[in-house]
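K.L.:
Protein chains in written order, with my numbering: chain A, 1 to 302; chain B, 303 to 589.
Hint data in this document are derived by calculation from the structure and do not stem from the laboratory. Think of the CB as a built atom: it goes at the ideal place given N, C-alpha and C, for glycine as much as any other residue. Check before you lean on any hint, since a few could be wrong.
[What the hints assert, rightly or not] DSS-like mimics (lysine-lysine), calculated; alpha carbons at most 30 angstroms apart, straight line:
#: 1; chain 1: A; residue 1: 247; chain 2: B; residue 2: 320
#: 2; chain 1: B; residue 1: 349; chain 2: A; residue 2: 29
#: 3; chain 1: A; residue 1: 245; chain 2: B; residue 2: 314
#: 4; chain 1: A; residue 1: 263; chain 2: A; residue 2: 245
#: 5; chain 1: B; residue 1: 349; chain 2: A; residue 2: 37
#: 6; chain 1: B; residue 1: 401; chain 2: B; residue 2: 314
#: 7; chain 1: A; residue 1: 29; chain 2: B; residue 2: 516
#: 8; chain 1: B; residue 1: 314; chain 2: A; residue 2: 33
[Unchecked claim] In silico negatives: residues of chain A with every beta carbon more than 10 angstroms from chain B:
#: 9; residue: 183
#: 10; residue: 208
#: 11; residue: 291
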Amino acid sequence: MSTNTIPDFNTTVSIDKVGVEERVSRLNKRSIKKESKMQALKLALSMIDLTTLEGKDSEGKVVQLCRKARVPYAPMPELPSVAAICVYPNMVSTAKKALQGTEINVASVATAFPSGMAPLQVKLDDTKYAVEEGADEIDMVISRGEFLKGNYNLIFDEIAAIKDACGDAHLKVILETGELETYENVRKASDIAMYAGADFIKTSTGKISPAATQPVTLVMLEAIRDYYQATGKMIGMKPAGGIRKAKQALQYLVLVKETLGAKWLTPEWFRFGASSLTNDLLMQIVKQETGVYQSSYYFSTD
Amino acid sequence: MSDRIEILKTYKTYVGGKFPRSESGRTYPIRDVDDHIIANACRCTRKDVRDAVIPARTAFSGWSEKSAYNRGQILYRIAEMLEGRKDQFVNELQRGGMKTKTAEKEVELSIDRLIYFAGWTDKYPQVFGSINPVASQHFNFTSPEPTGVVAVISSDESPLLSIVSLIAPVIAGGNTCVVLASESYPLSAVSFGEVLHSSDVPGGVVNILTGYRKEMLDHLTKHMDVNAVLNCITDKEIRKLIDENASISVKRVHHYPVDDWSDDTHENPYLILEFQEQKTTWHPAGI
Chain A
1 MSTNTIPDFN TTVSIDKVGV EERVSRLNKR SIKKESKMQA LKLALSMIDL
51 TTLEGKDSEG KVVQLCRKAR VPYAPMPELP SVAAICVYPN MVSTAKKALQ
101 GTEINVASVA TAFPSGMAPL QVKLDDTKYA VEEGADEIDM VISRGEFLKG
151 NYNLIFDEIA AIKDACGDAH LKVILETGEL ETYENVRKAS DIAMYAGADF
201 IKTSTGKISP AATQPVTLVM LEAIRDYYQA TGKMIGMKPA GGIRKAKQAL
251 QYLVLVKETL GAKWLTPEWF RFGASSLTND LLMQIVKQET GVYQSSYYFS
301 TD
Chain B
303 MSDRIEILKT YKTYVGGKFP RSESGRTYPI RDVDDHIIAN ACRCTRKDVR
353 DAVIPARTAF SGWSEKSAYN RGQILYRIAE MLEGRKDQFV NELQRGGMKT
403 KTAEKEVELS IDRLIYFAGW TDKYPQVFGS INPVASQHFN FTSPEPTGVV
453 AVISSDESPL LSIVSLIAPV IAGGNTCVVL ASESYPLSAV SFGEVLHSSD
503 VPGGVVNILT GYRKEMLDHL TKHMDVNAVL NCITDKEIRK LIDENASISV
553 KRVHHYPVDD WSDDTHENPY LILEFQEQKT TWHPAGI
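The following block holds chain B by itself, in its conformation from the complex (with noise of 0.2 angstroms):
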């Protein structure tokens, strides 16, 4: 056995292309299945929400303007690099106390699932635009566009798939968010983040937030500045919560249930239609 003192990983949040800590300074203990503590995570606050929603509003006009292909580059460029860091990944889902078959499983189906979306970019277009028959001189189409930020409230099963299979189709679709990444087990979350910030994707287009869910998400739900919420919180208490504060503000709210990540039901381009607005243009025509 040597001498060496092992370096721990400070866990923090990514919040517009930086890594910063919690505005409030605190942390919270992450526990593993036999309940000893294996890090500290940021336990964030609605300053830090409110200081999240910033760089993503900010990062929202460049990115829905990248080309669509551009999109598909950069979806793809993420699973690139998830997959160069395979094992950093499997290590840390099972200290979290998942077994290494089914940590190397999750692992390769997220990268499988950030190819799948990064096909869609350019297409999803295609299959959900039309181009609607009118009876006057004009040429009617419509096309979907991205809906703006979205905060995405991830569930505790599945920590490093729940949280790619969330993102990927958000951002497909040129919109970007704000996670709540899981509550009891957020460090693969934060590890995404490092993968994100490597893969030329614009600071400010993914924002992961750690912490207790019921100190952020009253918050983040009613911010006037999200557009919409993506959810996979069962509890009723919640999904209320959220129904009534996305009422202020007219925000799409989806939720989403999930038993089973692994199965490919997610992989579905109906889930970035989601949050898509489908605008309608009349153009003079043959006159």
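Just chain A, same shape as in the assembly (with noise of 0.2 angstroms):
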């Protein structure tokens, strides 16, 4: 099968919504303690996307989250710091300048995020400049109206130009799973995004409520392993958005390495788009440490 040409809804699996739901409960009853949360959590530090996407920000703020990133935490420096900092167009040469001399990427959403509402050539033009401004990674909407109308081509041919378009920089292709309405929905989008040129999947833009939810994950996830199964290419995998707790993020990490394996749980391969994550990661890592219960003023917010 190639892989610039759309996939064939005809052999695509249909998905059991009881049987994915009921799945994901057992997978979150996994006790993952002591040693291994430890772990898990130093792992989930070095996955998030840290994420500023409001209106009001500005290069102050961006400067100062990409202080966090290198450090999240001064007390420990020894923590990893996290895997990009997901920002607009407009602040990519801000924070690539803070980030200098790091490993940490910059990603930078585009296509008229997050609503897609805006002609291609318009999308184009945005990805060209986060690109040109320095963007290691471009964050993608897909036109969900599109899609729900039966669009597919259109939606394919969209992605595969927008690819086109970033170059070197690595595409992730936001669903917004949040207006898909079914699973099967997902699925087939996961599968257009993939076989369009996506280098990783994510859920949301967080703009959207429900944004990532584990239902959904696990059919991304599935999509992503029979894309592997059949092409051999690994895809990136990045829920997105109402990921607060370590907790949740620990839930996340057991249905990877369940459905894919141990290989997808490097930052290379999976993500997590959050901003208050980093937090409460941070909190549960200093309890692990000294054994007493943290407060969320002893924390930076940005």
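From these two lone chains plus the hints, build me the complex, please.
P.N.:
Set out below in structure tokens:
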């Protein structure tokens, strides 16, 4: 099967809604304690795309966030830094400058984020601008309206065109699963994105509720697994939005391990799109180290 | 004698305006003076402590920003609701082995004490605040502000009156609290939670846990999100533990040993002051 033709939906597996939810709730019962918990917390920390996507974002806030990305918690400098910073295109150069000399990537949302309601040319220009500014990763949104109308070819071509515009930058495709209504649609959209050339598939923009949920993530992980088995190509996964607690993060890691295996348990193949999750992970790590329950007062908000 | 089987009450905890069981699912037996088991209470763990501090912290901003007058109304309302359920509380205290007269007196005193502190909510800032003479062009004033989340470790004597006398000054001052109820007889404390629930007290302002003190005390007094401790236990070891734990995040600690809860020295605004921070403001004036 060629990787740049649209997938044949006749061969797509149908999704058993009850089965998916059942499996998620079963995997959520895994108990991770002590050393393995500590390791998982640190791993989750290193997988974070520290995100600020607000209309009121300023250079100052982005610089501050970049400092947090380098050293999440100053009293424990041995902790890993996060995987990337995720900002709007006009903040990319600021972030890039602030992260000079580190391994931390700069991800930029593009293509008329979060709605995606703009002509293709505008989306391409948006993407090119972000790449020229120095973005290492591009988070694009698909046109959900067109997808729900059934214009799958249009979605496919659009993703392929954006991928082209990205050049060397990694492309993450945001499906905005909260607007796709069914798991079947999530699976379809995942397949389209992967076959069109996505490097990562991502659940949500974080602007729509529900954002990332575990059943949706499982459906997407299974799509990645099937794609890997069919083509041998690894695709990354990024749940984003609504993941605030360390406990949830560990549950996501279990889903990844059980669906895709340990190979995917690295920041290269799995990311969390989150901002408040960072502090909860830090609080749990400090709790594990000291045995004292922590207060958010002692952790920086940006 | 009727064939009816009496429905026994399940004593749960009161956390965040709800009545959850302990996360552990464990309970422990409560006995009367003759050593008969009369009920089971939740045996809370450190995780329940953690889960109780969260709503206490969340409720703090709303409760402390309510007008002093409104807080007074709500405290008065608690007293009203307690008055309406007087018989239930007298019964409950009797089951624990208290004489009818003593039980009645305890409930009545509890009600009166709530009224007492209800009256202080909008007066203590005037009494304890001050306008300070300064030598510059400033209007300089000091006013008390609530400390935050207070851990209340209640004693085993006078199970209702003690908990009321401890909670009232803490919440009258705009703080929220996590209360460890009496270990040997926590039933009145849990029932008092129901009174709080039905008297306009926002969920999370008072959280009541039951169980073994030694399993919860350490984690509660160490918790970084707890700002102060009010302790009635006189045991030296426990006091030492509290003092040491409180030093980690520099909590305010007030040890409050009590012989007789019915003594009117417990009606005293200085108890409110124990959990207040004095804020001084320099306001440019007269220029």
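K.L.:
Indicate, hint by hint, whether the structure satisfies it.
P.N.:
Results for each hint:
| no. | hint | result |
| --- | --- | --- |
| 1 | A/247 <-> B/320 | 23 angstroms, holds |
| 2 | B/349 <-> A/29 | 17 angstroms, holds |
| 3 | A/245 <-> B/314 | 26 angstroms, holds |
| 4 | A/263 <-> A/245 | 24 angstroms, holds |
| 5 | B/349 <-> A/37 | 16 angstroms, holds |
| 6 | B/401 <-> B/314 | 25 angstroms, holds |
| 7 | A/29 <-> B/516 | 29 angstroms, holds |
| 8 | B/314 <-> A/33 | 28 angstroms, holds |
| 9 | 183 | 32 angstroms, holds |
| 10 | 208 | 25 angstroms, holds |
| 11 | 291 | 8 angstroms, violated |
In this structure, only the earlier hint numbered 11 is contradicted, and the remaining ones agree with it.
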